[in-house]
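Colleague: Chains A and B supply the protein sequences, listed in that same order.
Mapping to the numbering used here: the first sequence position 312 is 1749, numbers consecutive.
Mapping to the numbering used here: the second sequence position 245 is 1682, numbers consecutive.
Calculated directly from the structure, the hints in this document are not laboratory data.
Treat the hints with caution; some may be incorrect.
Given that identical chains are not distinguished, each listed pair holds provided it fits within a single copy or across any two copies.
To be verified - Okay, derived cross-link-like pairs now, BS3-like style, lysine-lysine, Cα gap no bigger than 27 Å in a straight line:
(1) Lys1931 / Lys1667
(2) Lys1667 / Lys1560
(3) Lys1694 / Lys1649
(4) Lys1667 / Lys1554
(5) Lys1538 / Lys1618
(6) Lys1632 / Lys1618
(7) Lys1694 / Lys1655
(8) Lys1632 / Lys1933
(9) Lys1617 / Lys1837
(10) Lys1761 / Lys1694
(11) Lys1560 / Lys1761
(12) Lys1931 / Lys1587
(13) Lys1554 / Lys1538
(14) Lys1510 / Lys1528
(15) Lys1920 / Lys1618
(16) Lys1920 / Lys1528
(17) Lys1632 / Lys1617
(18) Lys1933 / Lys1447
The model shown is predicted, which means the values in this text are computed figures rather than measured ones.
Number of protein chains: 2
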Amino acid sequence: MEEKHAAVWKEFSDFLERENAVRTALTLFDWDNETLAPEAAAERTAGAYGVLSALYQELFVSGSLDGLLAKTKALEGLSPVERALVGRVEKERNRLLSIPKEEYRRFSELTAVSVQKWSLAKKQNDFAAFAPVLEEILNMRKRFASYRAKEGQSLYDVLLSDYEEDFTEGKLDVFFAELKKGLLPLVREVSRRQKEHPVTCDFLFQSYDVEKQRHWNKWLAAYLGFQFSKGVLAESEHPFTTSLHKDDVRITTHYYKNNLESAIFSTIHEAGHGIFEQGNDEEVTQTLLGGGTCGVHESQSRFYENMLGRSFAFWEPVYGRLQKTFPEQLGEIPPEAFVRAINRSQPGLIRTESDELTYCLHIMIRYELEKRLMNGELSVGELSGEWNRLYEAYLGVVPKTAGEGGLQDIHWAMGEFGYFPSYALGNAMAAQLYVHMNRERNLEELLRAGELDWISGYLREHIHRFGASKGMEELLTEITGEKLNPGYYIEYLKKKYL
Amino acid sequence: MEEKHAAVWKEFSDFLERENAVRTALTLFDWDNETLAPEAAAERTAGAYGVLSALYQELFVSGSLDGLLAKTKALEGLSPVERALVGRVEKERNRLLSIPKEEYRRFSELTAVSVQKWSLAKKQNDFAAFAPVLEEILNMRKRFASYRAKEGQSLYDVLLSDYEEDFTEGKLDVFFAELKKGLLPLVREVSRRQKEHPVTCDFLFQSYDVEKQRHWNKWLAAYLGFQFSKGVLAESEHPFTTSLHKDDVRITTHYYKNNLESAIFSTIHEAGHGIFEQGNDEEVTQTLLGGGTCGVHESQSRFYENMLGRSFAFWEPVYGRLQKTFPEQLGEIPPEAFVRAINRSQPGLIRTESDELTYCLHIMIRYELEKRLMNGELSVGELSGEWNRLYEAYLGVVPKTAGEGGLQDIHWAMGEFGYFPSYALGNAMAAQLYVHMNRERNLEELLRAGELDWISGYLREHIHRFGASKGMEELLTEITGEKLNPGYYIEYLKKKYL
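Chain A with its partners taken away, still in its complex shape (with noise of 0.2 Å):
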C-alpha cells in the first residue's frame, strides 16, 4: 500500500476500532441479560443501553465518516473482505442515518425491556398484556423501514435485506412455495404411516439429573468440535449464540429434568452456531463482519443438530457414552431405538420442539404473518386468530393458548421481523451442503469413526472463514457451482423419512 493508501486505512481501522468496541459492548449487554441479569435490573440498565446505541449511532452518522467512506471506496488494491468491509459499513451508516436520533434510542430501550414483558405475558398466556408493547416495536420497525424503502420496494423487502441481501420477498415467495409443493404431502403421509407404528420415544421424558445432563452436554460439544479455551455453554431460557469475537464464543442450552432430548438437540444446534463463529478469520472477526449472514448461519446450526446429530453414524461412537450417563433410563434402549425416538415426526405446535420434518412449515406461517403484518395487511389484534388458522391449515393442530401460539416466540419481541425465513434457507442450505460433502468423502463412515475433524474443517474452510463477507448465493455456487436450490432438502426428506 502507498503511503497515501496506508493513512486513510489507518484512519478507516481507527473507526473500525471504536464501532466494534461499542457494539461488543452492546453484544455483552444482550447476552448478560438473556442469561444472568436480576429480574429488577431491566429498567435501570436499558436506560444504560439506550445511551450506548446512541452512541452506536453517532459514530456512524457523524459527518467526518463520510468523507473518510468516499476515501476508502477509492482505494486501489483493496482484498475483497476488505471490500465488502467497506460496504458493510456503508450500508450500516446508511441504516443508520435514515432513523432520526431520539427514535433509535427509544427503540433500543424498548427492546431491552420488551424481552422481559414478552416473557411474563407468555409465562401468563396473556397476549393482550403484551399486544401494546409489540404494537409499538411494530410501528417503529415499519416506520424506521419506511425512512429508507426504495420506489416500489415493500417494507417487508426492507427488513429482508437486513438479514438476507441474496432474498427478497419475490424470491422468497418462490421458495417457500416450492417448499410447501413438497412438503405438505410428505408430511401427511409421514404422519399417516407414525401414526399407525406409532414410534416409542417414552425413555426420553423419564427423570435425568440435571448436574448430569450439563456434563453430557459439555462433553458433547466439545466433541463436535466447539473449544472451550475459546468459548462458553451456559443456560437461559431460550438457547442461543452470540459472541464478542472468535476467541469469545458463547452459546446457551436449557435443561429439563424430563428431557433428555431438549438440551441434546439444543447444544447440538447452538454449538453448529458456534463453532462457525470460532472458524472466522483474523480479518472479518471483530468486524462487521464478523460471525456469518443468518441463513448461512442457521444452515451451519442445522447442519450439525440434523444431517449430524440425528443420524445414527454419528450415535454409533457416542451412545454407550449417553447409556452409561443414565444407566437406569438408557440401560435397556438399544440405539437404533434411540435413534428412531429422536427422528419421530409428529406435527406440534411449537417451532422449537418440532421435527426435521415438520420445522419449514412452522417457519412459513411466521413468513406469512410477519409479511403481513409488515406490509399493513394484519393487525396486532388480528394476529393470534391468524396464527391458529394457519396452524391448523399447515399441521392440522390448533393452539389453546397464547403461548403455544401468538406469544410462542421471542423474535418479534427482540423486534425482529424478517429473521424467520433465515431458518427455512438454512435448512435448504444444509441439505445441499450435505449433499455436496457426501460426494467428497463418505460422511457416515467419517462420523461412525467419530472423525469429525474433517466435516469441520470443511466447514471452516469453505464457510466459516468467510465470516459475513459472503452470502449464501455467492457460497453456495463457490461450493457446489449452483445456487440455493429445496430440492436437495425434499429429496433429503423423502429418502430420510419415506
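Position chain B relative to chain A; hints supplied.
Modeller: Chain B in isolation, oriented as in the chain A frame:
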C-alpha cells in the same frame, strides 16, 4: 429551579448519562472477565476494552465539559448530593485530563490482561514471570500520579486520594502506628493462649458437597438481606462485589469441597458490600457517587462478616439449618464448638484466610510495601524479600512460595496501589459503628431473634443511601459524634479475645 438553571442542569445530566453508560459497560466487562470469559478471550477483549476506556476518557477531557462544569458549579440551590456529584465529576475530569490519551489506553489494555498473567504466575509460584508486568503497572501508576502531584505531595498520597479523600499518608502512618501498638502484643498473647488450648476446627475441613454449599450460601445471603430480585450471587476465583446500579448488584463467592468456612465468610463479606449498593438512593445510583467510598464500603462488609457473622448470637437461629444441610459433618458439633472454630486465631500467611485479630497486620505489611514501592524506596526486585521479612517480624511466619508471598493479592495486578489501607480503616469503622449501634439497640438480642431488619435499616438510613456522597469522617461524625477512632477496634478485639 429557574429556567436557565434547568437548562444547565439538563446539559449536565446528559453528560452524566453518557459517562454512566460507558462506565457501566466497562464494569460489565470487568465482571464478565472475572466470572465467565473463556481463557483465550483476554487479548482481543482487552482491545475493545481499551478503546472503550479511551472513549470514557474522551467524554471527560472534551473542551465542552470544561465550560459546562463552570456553569454547573455556579448554579445556586443544588442539593448536597448534587454538589458532591459535581465535585466528583470535576475530580474525575482532572484525573483523566492529566493522563495522555495513548498512555491511558495502554494502561487500560494492560490491566485487562495483567490479572490473567498474575493468576498464571501465582499458580506456578513464579514471581519472576510476573515481575516485568508488575514493573510496568507500577511505573505507569507512578507516572500517572506524578502528572497531578501537588507541591510536596508524595506519589503514594496522590493514589490514596483516589480511594480515601479523608486519609493522607501522614494520617495513615498515625493510624497504623496506633493499631500496631495495640495489636502486636494482643496477637502474641492470644496466640500463646491458643497454643496452650488449641481450638478444634477439623470438622470445618471435611468433605462438603459443593451443590449443597451453593444452596446454603444463597439462602444465607438472602437471610442477611441481600435481595435476589436486584442481585446475583455467582462464583469467581477471588470473591468480589460489583454493580451496574442499585437494582443489579453482583457478588461472588468461591466454593471449596474441603472447606465449609471459606465460602460462608466470603458470602457474608460480599453480601455486606452488596446490601450497601442495593441500599443506594435513587439520587446516587448510576452516577459516580454510586456504591460508596472504599473504607466505608469495607466497613460494611467487615461489619457483616465479623461483628455479625462471627458472633454466637448470629448463629443461634441459623446453625440448626446448617446442621440439617450437613448432618454427617456437623450433626455432633454443638453451636458453641462451631462458633469457637470460626473465631480461632492463628497468625498465618494468607490475608483472605486470616482471622479478625491478625487481619490488620496483613494490611499493615501491604501498606508499608506499596508506600515504599510508590515513593521509589523499594524496587519490584526487592519486593519478595521485604514481604517475607515483614511477615516474620509481624506474624512470625515466613512464606515458602511466591503465591503465599508477593503474588498473593490481585490488587497490584489490577493496578490498585493505595486501596489496601481501606480494609483496615473499614475494620476500625465497623467496630466504632458496632459500639455505637449497641447503645441504641442490643444487637445480640436482634441477631438471636433473627431480626436483621433493624440492623440493615439502620445502616441504609445512616450510610448506604448516601453512596459515595459522604466520606468516612463525615459519616462517622454524623452517626457517632466523633471521627474515626481506632481505639474502639482495639478495645473490641481485646474484649472478644482475652
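Colleague: Determine for every hint whether it applies to the structure shown.
Modeller: Hint check:
no.: 1; hint: Lys1931 / Lys1667; verdict: neither (38 Å within a copy, 52 Å between copies)
no.: 2; hint: Lys1667 / Lys1560; verdict: between (34 Å within a copy, 21 Å between copies)
no.: 3; hint: Lys1694 / Lys1649; verdict: both (10 Å within a copy, 18 Å between copies)
no.: 4; hint: Lys1667 / Lys1554; verdict: between (33 Å within a copy, 17 Å between copies)
no.: 5; hint: Lys1538 / Lys1618; verdict: neither (45 Å within a copy, 63 Å between copies)
no.: 6; hint: Lys1632 / Lys1618; verdict: within (22 Å within a copy, 86 Å between copies)
no.: 7; hint: Lys1694 / Lys1655; verdict: both (16 Å within a copy, 22 Å between copies)
no.: 8; hint: Lys1632 / Lys1933; verdict: within (17 Å within a copy, 76 Å between copies)
no.: 9; hint: Lys1617 / Lys1837; verdict: within (25 Å within a copy, 73 Å between copies)
no.: 10; hint: Lys1761 / Lys1694; verdict: both (18 Å within a copy, 25 Å between copies)
no.: 11; hint: Lys1560 / Lys1761; verdict: neither (36 Å within a copy, 35 Å between copies)
no.: 12; hint: Lys1931 / Lys1587; verdict: neither (41 Å within a copy, 81 Å between copies)
no.: 13; hint: Lys1554 / Lys1538; verdict: within (24 Å within a copy, 42 Å between copies)
no.: 14; hint: Lys1510 / Lys1528; verdict: within (13 Å within a copy, 43 Å between copies)
no.: 15; hint: Lys1920 / Lys1618; verdict: within (20 Å within a copy, 83 Å between copies)
no.: 16; hint: Lys1920 / Lys1528; verdict: within (24 Å within a copy, 61 Å between copies)
no.: 17; hint: Lys1632 / Lys1617; verdict: within (22 Å within a copy, 83 Å between copies)
no.: 18; hint: Lys1933 / Lys1447; verdict: neither (53 Å within a copy, 65 Å between copies)
Violated hints, in rising order: 1, 5, 11, 12, 18; the structure is consistent with all others.
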